[in-house]
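Visitor: Sequence:
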Amino acid sequence: MKLKKLLVFGIVGLLTFGGIIDSNYVSASKNEEIIKDEFIQSSEIISKKELIEVIKEVNESTEVSKLPKDDIIEIFDSIDENTTKEAKIEYRDQMKEELNHKLNNLNNSKLNTEGFVEEQITLSDGSEVNIETSDLPEEVDENELPEEYIVEEEEDSDLPAEDFVEIYEGEGIEINRAPVFSGIMYSPYRSEKKDYGARRYSSIITFRASGLNVGKLYLRSHYSVGDYGLKMRYSSKSGTRSYLPKFDISRATAKTTDSKAPVEGHDINSYGEYTVKIDLLGWLGGSRYYDIRSQIKLKKLDKKEKYAYVAQSYVFN
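Residue numbers (my numbering): 1 to 317.
It is worth saying that the hints were derived from the structure and are not from the lab.
Within a straight-line C-alpha distance of at most 27 Å, the following computed DSSO-like cross-link-like pairs (lysine-lysine) qualify:
| # | residue 1 | residue 2 |
| --- | --- | --- |
| 1 | 277 | 36 |
| 2 | 36 | 246 |
| 3 | 49 | 96 |
| 4 | 260 | 299 |
| 5 | 216 | 69 |
| 6 | 48 | 277 |
| 7 | 88 | 36 |
| 8 | 300 | 193 |
| 9 | 297 | 193 |
| 10 | 297 | 102 |
| 11 | 85 | 49 |
| 12 | 48 | 102 |
| 13 | 297 | 231 |
| 14 | 36 | 48 |
| 15 | 299 | 193 |
| 16 | 216 | 246 |
| 17 | 102 | 56 |
| 18 | 96 | 246 |
| 19 | 300 | 260 |
| 20 | 246 | 277 |
| 21 | 216 | 96 |
| 22 | 306 | 231 |
| 23 | 246 | 48 |
| 24 | 303 | 231 |
| 25 | 36 | 216 |
| 26 | 102 | 216 |
| 27 | 277 | 216 |
| 28 | 88 | 56 |
| 29 | 66 | 246 |
| 30 | 85 | 48 |
Since we're looking at a predicted model, the values are computed, not measured.
Take these sequences, add in the hints, and give me the full structure.
Guide: Right, dumping it as structure tokens:
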């Protein structure tokens, strides 16, 4: 490991001439600077193996995870600047291969009593991808866009308002765009009893490094269960966000591609697409295109007891 190490001798003394200095704050600041400098890379990295080891040490360090985000970015930038192009290409290829393998071998039957599924994938460089699903009841007017959703569009979203919900409901929409980052997919599966009423099925992908969330992608299917079977009220990307300036979500849209499932065996579908420019070292680096496709299939409808059995899944590319 070629990390610059600093030797610190003695105890730092603080003078408070002319005023009062918060010694705890100064001490913490100096400690942060020391930790950051320990991980700043100054030597050239020429192999994939060495690069993975360096990034893993940073990702798994509890000290680094407590640093300000700007310091963490500076550490990764220093590694990037001192790594050969060949080593970075080989490293990214290996991380994508690892992710693909682990996604395709997840236990899709994992389900807890709260109706929530989550799997965490850790790659050999210490970075993480969290795969989650949830299905929860909604108390909303089925004929209107929920008020809290409108507020989020106006106040919380960093994305263009016109992209927030591209289509509330519609059928026959053809999606022909191929993902740039292809071959990566996960289909969490759940088959559960749902009482009549409004519900929200969420597909969630979270990218993490150094113990921090880097970015989060959401596709939400807002649907209802009734005598009519299943009906998609609208699809949304609500919750999609970036945690770091260098994880730039330049575009995100949500569409309903099939809005009605009136009889058993039919399904309703949502589709989300996300364009992300990531100015960070790692397998995420560069401009990436992702898509999430969700399906809710009507397995059984009991109009007398007023419930349905549905099978839910999604694919992440």
